[in-house]
Amino acid sequence: MLKIENVSLKIKNKVLIKGLSFKVKKGEINVLTGPSGTGKSSLLSAILGFIPLTEGGIVYNDLILNSDTALEIRKHTAWLPQQTDLGINTVYDTIYEPFSFHLNQNIKPSINDIKEKLSILNLPYNILETKYKRISGGEKQKILILICVLLKRRFLFLDEPTSALDKNSKKQVFQLLKSQNNSVILSCSHDKDWINYCDNIINIEK
Amino acid sequence: MQTIDINIINLAIGFSLLIVPVIILIYYKTALTSSMLLSIFRMILQLSFIGIYLKYIFELNAVWVNLTWAMLMVLITAVTIVKRSELSLKIFLAPIFAGVSIGMLFSSLFLLKFVLRLDNIYEARYLIPILGMIAGNCLNAAIVGLRHFYAGIQKDEERYKYYLSCGAKPSEALLGFIKNSMKEAFQPAIAQTATIGLIALPGMMTGQILGGSSPLLAIKYQIMIMTAIMAGKILTLHFSLYFSKKFSFNEMNILNYQIFKQK
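Which chain is which? The protein sequence lines are A and B, in order.
Note that my numbering gives residue 174 to position 174 of the first sequence, counting from 1, and the numbers run on in steps of one.
Note that my numbering gives residue 130 to position 130 of the second sequence, counting from 1, and the numbers run on in steps of one.
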């Protein structure tokens with residue numbers, strides 16, 4: 001379970017979030033929503049420890065996020081950032097890059113595993129040999145979501161997972177994520193289609 | 001063979017070489033004339049000062065004076081690297097000083113002890129010039145490398161965070177940035193080393209030949225100094241990055257923007 005307890009967030013002297021609390025459980029797909037500029041993405045960053053909280057705390061199962069636990073907690077997370085230009089060389093290399101880290105070496109996915117997930121996302125197999133920077137924004141989003149799923153983490157954070165996707169693709173992504181019933185999934189979005197798919201909506205409108 | 005001395009009159013004649021170039025610069029209205037003459041003037045002043053200084057240091061040849069001078073060279077190199085990399089001097093002087101000390105001193109002293117087999121490796125007429133040549137080269141590589149490393153992390157911070165979020169250790173998340181920084185810093189030196197002697201004769205070797213050494217002796221020195229420079233550059237940048245990384249990230253492993261020189 002992920003608990004957000006009385007969290008306040010201030011960036012460049014501007015209060016974005018004040019006294020926010022909620023809990024999300026595994027097996028559900030949750031979405032943070034609210035108008036642009038309300039701090040949805042910043043909250044996801046803060047949950048990963050990339051932005052300091054002004055107040056409150058983040059609790060992962062039994063671990064409170066702080067400087068001593070951040071690296072331990074990040075062993076159980078995966079994140080789809082809003083900015084998706086993160087690939088190196090080919091799509092294949094991009095998918096395998098996180099599995100070069102010591103922690104992930106023994107969960108390296110097989111090529112069949114990848115192909116199976118590519119077909120759920122309706123992506124052709126030959127996309128693997130394509131240069132990452134040549135694929136479309138929507139394809140980048142799908143590939144990074146695929147990596148999140150392959151990492152088999154307990155906590156998935158998805159920042160605007162459908163911003164470059166059409167209706168069918170949104171459905172495919174939802175299907176893929178829905179199969180991860182052992183993970184706590186928290187997304188943020190203002191896409192109505194995506195919000196409709198999600199099991200639980202957290203509105204952070206001020 | 002005796003080195004031919006250059007007397008004052010001959011030096012003056014030497015400067016007459018610049019008359020036509022100055023006319024050319026004026027003719028094209030380049031506005032470079034005064035800065036060019038000023039640069040020549042500064043060179044004369046700086047080198048005269050060094051000449052006189054080295055003359056006394058060589059005559060004195062006391063270990064502690066030589067070592068103080070050597071550490072001063074390391075310090076000035078470190079300060080210059082930090083400043084030109086646009087990093088905060090307060091935060092980075094110590095780590096860069098440590099990195100530069102290891103890179104420069106190790107490669108110079110190794111050369112003096114195991115190649116030239118000097119009884120006294122702190123002998124001024126060997127230590128100072130060799131350290132000077134290595135310093136100049138390490139300086140450039142370290143500046144290029146550090147600038148590239150920190151510019152890379154700033155530009156691609158999202159990628160760095162993404163790797164952390166995937167469970168990478170900070171050292172694993174930084175690997176690609178270090179790789180790129182090293183490529184930028186060392187590629188020119190590798191290219192230069194590979195083509196040395198094909199067209200241009202290196203300055204040190206030319207100086208030795210003019211000074212009366214045999215070309216074969218001169219190339220041996222040149223080969224060894226180039227080797228020490230290559231080693232010095234790589235060690236300096238590696239250790240500078242290694243030590244400075246420890247001061248560049250906050251306790252949550254995120255880049256601390258205070259490390260950049262405030263403009």
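Treat the hints as calculated values from the structure; they're not laboratory data.
Wrong hints could be hidden among the right ones.
[To be verified] Ranges of calculated distance between the beta carbons of each label pair, as one might list FRET restraints:
| id | chain 1 | residue 1 | chain 2 | residue 2 | range |
| --- | --- | --- | --- | --- | --- |
| 1 | B | N250 | A | S100 | 24 to 32 angstroms |
| 2 | B | F110 | A | N182 | 29 to 37 angstroms |
| 3 | B | F114 | A | L63 | 51 to 59 angstroms |
| 4 | A | K14 | B | L255 | 50 to 58 angstroms |
| 5 | A | S100 | B | L72 | 37 to 45 angstroms |
| 6 | A | V15 | B | I76 | 21 to 29 angstroms |
| 7 | A | S110 | B | N180 | 51 to 59 angstroms |
| 8 | B | A194 | A | V15 | 37 to 45 angstroms |
| 9 | A | V15 | B | S171 | 45 to 53 angstroms |
[Stated by the list, open to error] Subject to a maximum C-alpha distance of 27 angstroms in a straight line, what follows is the list of computed DSS-like cross-link-like pairs (lysine-lysine):
| id | chain 1 | residue 1 | chain 2 | residue 2 |
| --- | --- | --- | --- | --- |
| 10 | B | K261 | B | K179 |
| 11 | B | K90 | A | K133 |
| 12 | B | K155 | A | K12 |
| 13 | B | K183 | A | K131 |
| 14 | B | K246 | A | K108 |
| 15 | B | K261 | A | K133 |
| 16 | A | K192 | A | K131 |
| 17 | B | K220 | B | K90 |
| 18 | A | K26 | B | K169 |
| 19 | A | K75 | B | K261 |
| 20 | A | K26 | A | K14 |
| 21 | B | K261 | A | K152 |
| 22 | B | K183 | A | K75 |
| 23 | A | K75 | B | K90 |
| 24 | A | K75 | B | K179 |
| 25 | B | K155 | B | K169 |
[To be verified] Sample of chain B residues lacking proximity to chain A, with all beta carbon distances greater than 12 angstroms (derived):
| id | residue |
| --- | --- |
| 26 | P21 |
| 27 | V79 |
| 28 | K113 |
| 29 | F114 |
| 30 | V115 |
| 31 | Y160 |
| 32 | Y163 |
| 33 | S171 |
| 34 | A173 |
| 35 | L175 |
| 36 | E184 |
| 37 | T193 |
| 38 | G211 |
| 39 | N250 |
| 40 | M252 |
The C-beta atom is built at its ideal place from N, Cα and C for all residues, glycine as well.
Hints versus structure:
Taken as a hint, the range 24 to 32 angstroms holds for the pair N250(B) and S100(A), whose Cβ atoms sit roughly 25 angstroms apart. The supplied range of 29 to 37 angstroms is broken by F110(B) and N182(A), whose beta-carbon atoms lie about 56 angstroms from each other. A beta carbon spacing of about 53 angstroms between F114(B) and L63(A) agrees with the range 51 to 59 angstroms that was offered as a hint. In this structure the supplied range 50 to 58 angstroms is violated for K14(A) paired with L255(B), their Cβ-Cβ distance being about 21 angstroms.
One distance hint, 37 to 45 angstroms for the beta-carbon pair S100(A) and L72(B), holds here, with the actual separation near 44 angstroms. With their beta carbons about 47 angstroms apart, V15(A) and I76(B) fall outside the hinted range of 21 to 29 angstroms. Under the hint 51 to 59 angstroms, the C-beta atoms of S110(A) and N180(B), about 31 angstroms apart, miss the expected range. Taking the beta carbon of each, A194(B) and V15(A) are about 58 angstroms apart, not inside 37 to 45 angstroms as hinted.
The hinted window of 45 to 53 angstroms between V15(A) and S171(B) is violated, with their beta carbons roughly 36 angstroms apart. Distance restraint check for K261(B) and K179(B): the Cα-Cα separation of roughly 24 angstroms lies within the 27 angstroms cut-off, and the hinted pair is therefore satisfied. Under the criterion of a C-alpha separation no larger than 27 angstroms, the hint pairing K90(B) with K133(A) is inconsistent with the structure, at around 40 angstroms. Among the hinted pairs, K155(B) with K12(A) is consistent with the structure: their alpha-carbon atoms are about 20 angstroms apart, no more than 27 angstroms.
For a cut-off of 27 angstroms, the pair hint linking K183(B) to K131(A) stands: about 22 angstroms separates their Cα positions. This hinted pair does not check out: K246(B) and K108(A) have alpha carbons roughly 30 angstroms apart, beyond 27 angstroms. The straight-line distance between the Cα atoms of K261(B) and K133(A) is roughly 33 angstroms, outside the 27 angstroms bound, and the hint therefore fails. For the hint pairing K192(A) with K131(A), the CA-to-CA distance comes to about 32 angstroms; that exceeds 27 angstroms, so the pair is violated.
Our distance criterion of 27 angstroms between C-alpha atoms is broken by K220(B) and K90(B), whose separation comes to about 41 angstroms. A C-alpha spacing of about 26 angstroms is found between K26(A) and K169(B), which places the hinted pair at or below 27 angstroms, so the restraint holds. Proposed proximity of K75(A) and K261(B) is contradicted: the alpha carbons are some 34 angstroms apart, above 27 angstroms. Straight-line distance between C-alpha atoms of K26(A) and K14(A) comes to about 32 angstroms, which puts the hinted pair past the 27 angstroms bound.
The hinted pair formed by K261(B) and K152(A) fails the criterion: a straight-line CA distance of about 41 angstroms is larger than 27 angstroms. In summary, the hint linking K183(B) to K75(A) is not supported, as the alpha carbons are separated by about 30 angstroms, beyond the 27 angstroms threshold. For the suggested pair K75(A) and K90(B), the alpha carbons sit about 34 angstroms apart, so the restraint of at most 27 angstroms is broken. Under the criterion of a C-alpha separation no larger than 27 angstroms, the hint pairing K75(A) with K179(B) is consistent with the structure, at around 24 angstroms.
Between K155(B) and K169(B), the direct Cα distance comes to roughly 20 angstroms. Compliance with the 27 angstroms bound is thereby established for this hinted pair. Chain A leaves P21(B) outside its interface by the beta-carbon criterion, the shortest separation being 47 angstroms against a cut-off of 12 angstroms. Every CB of chain A is more than 12 angstroms from the CB of V79(B) (nearest about 32 angstroms), matching its label as outside the interface. Against chain A, the non-interface label of K113(B) holds: every CB pair exceeds 12 angstroms, the least being about 39 angstroms.
With a least CB separation of 37 angstroms from chain A, F114(B) remains clear of the 12 angstroms interface cut-off, as annotated. Every Cβ of chain A is farther than 12 angstroms from the Cβ of V115(B); the closest lies at roughly 39 angstroms, confirming the non-interface assignment. Not every Cβ of chain A is farther than 12 angstroms from the Cβ of Y160(B); the closest lies at roughly 10 angstroms, contradicting the non-interface assignment. Not every beta carbon of chain A lies more than 12 angstroms from that of Y163(B), the smallest distance being close to 7 angstroms; the non-interface claim is violated.
At roughly 10 angstroms, the least C-beta separation between S171(B) and chain A is not larger than 12 angstroms, which violates its mark as non-interface. Distance check on A173(B): its Cβ comes as close as 8 angstroms (rounded) to a Cβ of chain A, failing to clear the 12 angstroms threshold; non-interface status is violated. At the 12 angstroms boundary, the C-beta of L175(B) falls inside the reach of chain A, the nearest C-beta of that chain being 9 angstroms off. The Cβ of E184(B) sits about 17 angstroms from the closest Cβ of chain A, beyond the 12 angstroms cut-off, so the non-interface label holds.
With a minimum CB-CB distance of about 28 angstroms to chain A, T193(B) clears the 12 angstroms threshold, and the non-interface call stands. Listed as a non-interface residue, G211(B) keeps its Cβ farther than 12 angstroms from every Cβ of chain A; the least gap is roughly 51 angstroms. Distance check on N250(B): its Cβ comes as close as 8 angstroms (rounded) to a Cβ of chain A, failing to clear the 12 angstroms threshold; non-interface status is violated. Once the 12 angstroms rule is applied to beta carbons, M252(B) is inconsistent with being away from chain A; the minimum gap is 5 angstroms.
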